Amino acid sequence: MAENNSIWDKLFNMDRRWIFLLMAVVVIIPFFFKMGLPINTTDEVEGIYNYVDSLEQNDAVMIGFDYQPGTMAENQPMSEAVMRHCFARKVPVFITAVLPLGNGLAEEAIANLTDPDEPGTFQRVRYREWHSYDYGQDSLPSRVTHDQLVNLWERDHQLREDAMGWVFEGVDYVILGYAPLFHIVLLGMGRSIVSQYPADLYGNPTENMPMVKRNKSAREVDLGVTVAGSSAVLWWLTYAHESYGMPIAFGVTAVMATDYLVYLQSGQIVGQMGGLRGAAEYEVMLKRDGYSIEEGKAFRGMDVQSIAHILIVILIVVGNVAYFAGGYHRKGRRLRAGR
Amino acid sequence: MLSLRATVPAMVLFAMAGNVLAQQGAGVLAPPGEVTVSDVPNDGGDQLLVCFEPSPDDERVNSYTVYRRMQGEGDDAWRPVRVLFPGQGTSFVDGRDPDYSVRPGQIYEYRVTALSESGEATGPVYVAEEAADGEWFNTNKVRILIGCAVFLGLIFFFFSKAQSGDKLYLRPIPGIEAIDEAIGRATEMGKPILYIPGLSTISDVATIASLTILGRVAKKVAEYQTPIMVPNRNPIVYTVAEESVKQAYLEAGRPDSYDPDSVFFLTQSQFAFVAGVNGIMAREKPATNFYLGMFWAESLILAETGSLSGAIQIAGTDAVTQLPFFITTCDYTLIGEELYAASAYLGREPKQLGAIKGQDYFKALVMLIIFGTLVLGILDVLANTDLVAWLDHLVTSPAAG
Amino acid sequence: MRRTIPLLIVMVGGIMMMIQFFIPHQISQAVFGLYTDYVPVIAGFALILGVGSLTRVHYHKVRRRAENWQYSLLVIFFLYLMPVFGIILPASLGGQAEEPSVFHFLYRWVQIPIQSSMFSLLAFYIASAAFRAFRARSAMATVLMLAAVIVMMGQVPIGDYLGKWFPALGLWILRHPNLGGKRAIQLGVGFGILATNLKIIFGVERNWLGGAGR
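Residue numbers (numbering that gives the first Met the number 0), protein chains in the order written: chain A, 0 to 338; chain B, 0 to 400; chain C, 0 to 213.
The hints are simulated quantities; they were obtained by calculation from the structure and are not laboratory data. Remember, predicted model here, so these are calculated numbers, not experimental data. Each statement offered as a hint is correct.
Calculated cross-link-like contacts (lysine-lysine; reagent style DSS-like; alpha-carbon spacing at most 25 Å):
#1 C:60 <-> B:245
#2 A:286 <-> A:33
#3 A:33 <-> C:163
#4 C:181 <-> B:362
#5 C:60 <-> B:284
The following block holds chain A by itself, in its conformation from the complex (with noise of 0.2 Å):
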C-alpha cells in the first residue's frame, strides 16, 4: 500500500499511543494553571441538594458507598458532597455498602471531612468518647439529638476555631458499612436496622445509638442516595424505594449516567448525579449556601474534564478532515485493524 504514505493517511492510521500521550499530557496541564470555570447547575442535581436541604435533625439520610476504589475520582466527590450538606443541616446520615470495599472509601469520606487540618471541616466525636462521657448530674436522654448533644459537650469541651460544628458518631452518622447480598439486607432493613446490622463497623452496638432509636427501621429514613459504581443502584429502587417506600437519588459514573435518567423522568427518583459534573455541581450549590468554605475536588476535576473533551473533538475533527482529504470516503478504503 503506497499511497498510505500522505499526511493524511498517516494522520487516518494515527498510531492509539500518541492519543494516549496527548491524553496524558492535556490531563496533567490543568494541575498546574488553576482554571476555575464556572458551573451551572442542572435540574437533576438540584433535585438532591433541595430534598436535602428541606431535612433537618429529625429526619434522616441514608448513604450506599456502592462502589470501589476504581470508580473513586467520580464517586467520592458526590458521597462527600451529600454528606458534608447532611452534616451541615445536622441530618443523620447511615452509612451502607454493597462491596466490602466501600467500608474503607466510607472511612476515608469521614475522615476528609472531619480533618482537623483543613479548614471549614467538622470536628469529630467517636461514639465511644461521648456515650461514655461524664455529664455530672445531667443524664444522657437516650434518643439525645444533635442539638441537645452540643449543649452537653460544650459545657466542657470547644469547638475548633475554623470547624464548621460537631459530629457526633451514632447520633449524626454510624457506618454500619457492608453486608453480604445487600438486596436481601434493604429488605430487612424495611423491617428493622438493628436486625441487618447489630453493630456497626466499629463494634458498637446500633441498638443503643441516638439515630437509630430514631429511625429504627429503613422506612423511616427520608432519603437513600445510592453512590454506584454498578447497577447496584437498581436494587435501591427495586427492594427500597418500591417494596417500602424509600425516596432515592443516584449518584453514578458518567459513564452510566444516561442510563438512569429514565428513572428520574417516571419520578422514580428524585435526583441524579452523573459523573464528575454532578458533584461538581453539588459543590457548586454547597459553596453558594454557605455549607462548605470552597468547592471540592469535583469542581477542581472539572477543568481537567473541559480540556480533555475540548482534546477528543479535536482529535474527532482531525480524523474526520483525514478521512475526506484522504479520499477514504472514495475509494472505501478501511482503517487498518488493531494498532
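Chain A is fixed; fit chains B and C onto it per the hints.
Frame of chain A, contents of chains B and C only:
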C-alpha cells in the same frame, strides 16, 4: 375509603380528666382531639393508619406522642409507638417500628399526648374499630397481573405451536452466526478462547443467558479440542460456569480433555478483575474473546485491550450504556434482548423458538398500545376529551372498586 | 435425578415467588421472609468455593512451574495476607491503637491507587475509541458524531462559554432522543428477561444447570 372512625367509650372520660396538667404562665394546653384508625390496604396485616386531630393550641406544641395498648390491657400497658414533631403531620402508619409491631386481627386502643414548654396534655382513649388485616390480593397490581397473563398466554400458545411442528421464522442475527466461526478461527490458530460471563451476579438474567451460551460454546470447544478460559468475578457464577463447561465436555464425549483450571474465580473487585483479564489477554493472546453478560464501566477497557491484542471479539449485553463501547471495539455485538435469544438460536429447540415468538408478539402488542395511547393523548389535547384517563380507569377499575 | 431435583426446586420456587408477588397477606410475607433468611447463607458458602478455586488454579501453576508462575505465588500470598491483617492481626504499623492498621495502610496506599489507575485507563481508551469511531461515513454516522460532540461539550464548563443554549441543547439530546431510544431497548430487554425467566422456571431452558441441554 376504608377509614372508619373510632368511638369514645364512656370509661375513658375520667382518664382524660386526670391527665390534663395545668401549668402556670401560658395557661392550660388543650389536649389533642379524636383519633381515627384504619387498616392499611394491600399489606400483610401489620400496619394501621393512625390520624388524630391536633390540639387547638397546635402552634405551642413541641411534639405529639402517640400511645397504644391492646384492648383490655391495664394503664401500665401504654407504649409510646410514635413521636411526631411539628411539620411531620398528625398521621402516621403504625406497625413500621420493629419494637412496636402491629398484630393482625388485634384491636388496639390509642391516646395522644401533646407536649409544650408549659406542660403536657393527654387526649382521651380511643378504641380502634378496625384491626389490621392482611389481604389475599394486592389490588395495586391488577395491571401487572393482566400484563403477565397475556404474556404467559402468548408464550404457552407459541410453545404448543412450535411443538406441533409449525415452522417458526426468526430473523438471522450476525453476531450469533459468528460464534461458530470465531471458535473455528481459534482452533485453526491453535490459540485459546476467552469467555467472560459478565461481572454481575447469578440473579442477573444477562448472566444466566450468558451461562446458557457458555454451555453451547464449551460443547463446540470440546469437540474441536480448543482450550477455553473462563475467568469469573462472582463465586456463585463461577460454580455454575464450571459445572456448565464440565458437563459440556462430558456431553461432547471428551470428559478427559476437560481442564479443571480452565474455569476459575479471579476476584470480586471490579477493576482488579479487569486488570486480571487484561493480563490474561496480554500474556495468552487468545484468538477469540467473548464478552457476554452484564458489564459496567470496565467494558471499554476490556474490549479495547482485546482489540489491541488482535482477537476476534463478540460481545453481548443488556447494559444499554455499554453497547456503544462494544459496538466500537468488537466485531459483533448482541444488543439487549438478542443476548437472551442467542441460546435459542444456537440450540434451535422448538420450545425455545416458541418463547422468542411469544415475546415478539407481546412486544408488538405493547407497541400498539403505546401508539394507541399516543393517538388518544393527542386527541385529548385537540378535542379536549379525557380518553386516556378513561382507558386508565378501565384497566384499574377493579382496584377502584 | 441429578438434574430433576434442581429443576423441580426452580419450578416450585419460581412459581411460588411469582404468586407471592401478588399476595400481601402475612402468610405470603412469612414465606418471603424465610427466603430472604436462607439466601445469604447459601451465598456465604459460595465465597468459600471461589477462594478455593483461586487457590487451586494458582497452586497448580506454581507446582507445574507454568509460565509466569511467580505471579501466581504472589496472588496466593496476598490472597491470604490481607485477611490475616484484617482479622487476625489488626495491629497498626507503629503499634499504637490510634494509628491506622496495616490492613488500612495496604488498602489506602496500595489497593486504592491501583484500582483508580485501572479506571483512569478509560479516559485514554475513550479518546482513542472516539477518534476511530466518529467518522462521517454516512448520514446516520454524521448525526451520531454531531450529537456526541454537542453532548460532550455541553457537559463541561467550556460549553457554557459558547452560550447558554449550548449545554441546553446537549441536555435536550440526552433527555429526549437519547432517552426515547433507550426506553425502546430497555422495553425489549425487559420482555427478554421475562421470557428467559419463564423458560427457566418451566424447565425449557436448562443449560444454566451445566452442559448444552438434554
